[in-house]
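Student: Each chain, written out:
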Amino acid sequence: MKERYIIALLLTPSLFFLFSVILFPLAFSYYVSLTNFPLIEFRATSWVGLDNYIDVLTSPRFWYSMAFTGGFVTLAVTLEFLLGLGFALLFDREISGGRVLRSLMLMPMLMAPLVVSMIWKYLLHVDIGVVNYILRSFNLPAPSWFSTVPYAFFSVILIDVWQWTPFMFLILSAGLMSIPREPIEAALIDGATRYQVFRYITLPLLKPIIFIAIMLRAMDALKVFDILYITTRGGPGIATESLTYYIFNQALVRKSIGTSCATAVIAVFLLFSIFLVYLRFRPRS
Amino acid sequence: MNHKKRHYTPYWPFLIVLIIITEIWTLFPIFWALITSFKTKAEIFTITPTIFFTPTFRNYIELFTELSFGRWMLNSFIVSSISAILATFSGAMAGYALSRFKFRGNISLANFILSLRILPPVASAVPIFILFNYLNLLDTYIALILVYTAFNLPLAIWMMMGFFGELLREFEEAAMIDGCNRFQAFIHVLLPLVRSGAIATFIICFMFAWNELLYAVFLTGSNTYTVTLALTRFVTIKRIDWGGLMAGGIMSVLPIYAVALFVQRYLVRGLTFGAIKT
Amino acid sequence: MEMKSKISRRSAISTVAKTGIAAGIGLIAGALGGYFVGTTLKPVETVTIRETITRTTEKTITIPTTVATMISPTEKKVEFEGVELKVLAMSDPPNIAFEKLAKEFAEKHGMKIQFEMYDWEHLKEKIMTALPAGVEYDIVLVDEPWIGELEKYLYDMEKLMKEYGDPALLDFDDILPGVIDSLRTFEGKLIGFPMMTDVRFLAYRRSYFEDPDNKRKFRQKYGYELKPPLNYYEFFDVVEFIVEETDMPYGFGDLWQKDYLEMTFGDWLYSLGGRFFDEKLIPQYDSPEGIIALRLLLKSLEYGPENKLELNHELLNVAFFTEKVPMVLQWWSVTNEMLDPEVNPVIDDTGFAPSFHNLECSGMMAYAIPLTSPNPAQAYKLLEWVYSQQNAAKLIGLGGTPIRKSTLQSEELRRQLRIPEQWDAALLTLQRGLWSRPKIKYHGIHDEVICSWVHRVMSGEVDIEEALRRASEEVKREFEKAGVYR
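Heads up: the protein sequence lines correspond to chains V, G and A, in order.
Using the working numbering, you'd call the opening residue of the first sequence number 1 and step up by one each time.
Using the working numbering, you'd call the opening residue of the second sequence number 1001 and step up by one each time.
Using the working numbering, you'd call the opening residue of the third sequence number 2001 and step up by one each time.
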């Protein structure tokens, strides 16, 4: 009996924050999504029922933003995983100054996404940026990295990868460190190659960690916004408009809060479903 | 704990080159930002970038003389540290409850809380603004603290859950055998042991709050202007003050680097503990 | 194995079920709660102006009638003493100029003044949420396209001028009429005090137009003198010539980034006699003029540099400075950057000419006083003083543009300019005529729709007629939902 009270007590502060700041406004969004709510009026001016939802679901732009977000997350997280794993394996040995080198590796993820985007905006600046300068000195084409279509995708993914690979690196590195050495030593003594050790011993043992690392990173990548806001602004056209950017656009550029909330509700529903499906594949260690 | 391979492979020089390339990849943009912050306007606006030039401190000086960068850093610091502390404590309590008490629905609740992380902050921005305006909480520290704590909680709870997992049950049971009740066990035995986890959680939450932009735009006013928001001032319609922007960016990142360096040991252990032990 | 998957499937289903139930409850609770909250959130109470002014007049302000009887310093101190003003502005140089002078004024009269400066993007977001929500500011910066949306939250500036204006200081007739007219709503209400005059015109590289070789070749090919173009025929001839016959890689730069397309596309549209909306507010994007305008815009795009689709003000200037284009169409206030030798390496070769469009986009900005301001009289006196004729020189020196006829005609000020032709170009463009961005209540929708569709045409994704047609439909649908056509 007493246990119940303790549990309740322990959970109360968290639930308070979560309900008041996250869940209640979300519920309010449900309501707003059924109305026409211009930002300028700052109140719901009329009840439109499911009109907003219909408009969003029949808008090719919305589906494109879903496709773009999906593609972005897949590419970015895959790259971050591969690079992160590579770095983790690379650094998984005794090096003099190893700790310093390792902590230097973490610097990108500690910076504000705003700052990172700005730095890359400068580096990839078509006229005064270093990257194009180097390309020009080798007589290679020096494109506009943010306003032409294939390059815009590449740049945006590049920025995300640069900033968040250290995150993968950190988690995978620690995972590698926690793997017991005995099976590996034994296998090596028995004549297995490094590659075989990696594929048949290391990798399976890392599975739970990989699962979590990818999950955490994907959850954040789905919300990509800052990079796009600073560099491409969803362009050229709407080529790099992510789901979050689409919601932002509805709310603050079109100033139509009703449709923005409808999109948000749909997005939450879809993302949540994806999350549940993902959980099903959770490896039992 | 630290098992490091000690293999003298013939690939050694190749590996060193790889490590160097990796470090350059990671650090070059930061290095470039650093040197840009010491350049003058003319040096920035050229097609041929320079590495060797006469440095000027003007950008940094202007941060504090023409703008009130110091005051803004203070604002950011207040908001970030308080919300991080709240998140860590609430997260610790909830994490403990969810991992040590096997009550009905504890896993579902835990999953549900973690899933909240998938929510795009943009979606709730305007409703929260409306709500806070109604409660007259705009341009107060409380508004931002509430929001940042709430958005940090899912991750905080989840990380702390990892900490209070299997490994520490033994300690708790040992302490209870020795005669403490649950509460005493929590205070005297477990809390010190999750110190590294708590510190790691604190740092992550602090970082998120410090670097956040969207809610800072909506919920702040002249009294609570934060550092990240201040960086947007360098982007004017006519030109981007790259020098000032880089200087401001470096200044805004220094506190985090300093803190992270200081507790680096805990950070690594804490983050990964949470990841591994769940 | 099987057992495990059974369990996980069951727990997954139960989780989904629980989530569904929770969502359902949340939906109902939210709808009820939101309905309740919604009805208690009243719109901002608009205080009648007469009341406020009478109240304040009785208490504090005495209006001077002539310059000679200026209020003595001690009296002013009493009136302004302890008043704290909050200003919401942009972080661009003209605003910094305002900040400096405003602080001077505040200090002189014992007032405190606090500034919140943001870049243009965030200022827009902030002002669109703060004003409707009733957040108290005394002075806010309003950009012309926002007038339709914000006007009901702002004081009628002319009423304040009548009640508190010091005629000598204000000198209303001295203010450029085009500026004042741009800041009026459809009904004629003046929403703010002009902070700067802005209009777009050409900045060009003189050497390319004065080179005798170029002149000869041009005359041979086209039959008239090479000079900065004054109409569309000349414009396309000149850019074609530049790209084909000179060493300049590209011919022309304009603001082609997505967010600015309402202005850029509007220039072509209005110059051809078209417009964005008719009297019933039905979008006219797909009118014949619209289609031709977009075609011309696309043609001009061909002569732009490789990053044409992201050209904003800053990148346009950089393209000019790094000698990629010899001609750009740029805002007056932004061309001030080109007068800075530290930033413009080709400053000695820079010239200015009027815009080649028949009508140019009017880009005024004003400082307005929101109805929620507790100190409208003091705020007004501050604006009046800062933008009075005596301070004009200081403001120009710090990066502003003239709002007064006397300023534009002042020989002394012109002599101080590094390139006086800049003002000539501006004047000629102003005289030619301006078009205003529609001051409608749902400007945001129109702006976003036309910008994104035109940009998609520019990047080759959609073709002209279809894009304009779908843009019109989209705006019509949104306006219908918002009840504009009732």
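Honestly, the hints are just simulated from the structure, not real lab data.
Just to be clear, a hint being listed does not mean it is correct.
[To be verified] Dumping the calculated DSS-like pairs for lysine-lysine here, alpha-carbon to alpha-carbon at most 25 Å:
(1) 2227/A to 2215/A
(2) 1041/G to 2394/A
(3) 2159/A to 2324/A
(4) 2324/A to 1041/G
(5) 2/V to 1041/G
(6) 2100/A to 1041/G
Quick caveat, the model's predicted, so the values are computed rather than measured.
Student: Which of the listed hints are broken here?
Tutor: 3 and 5
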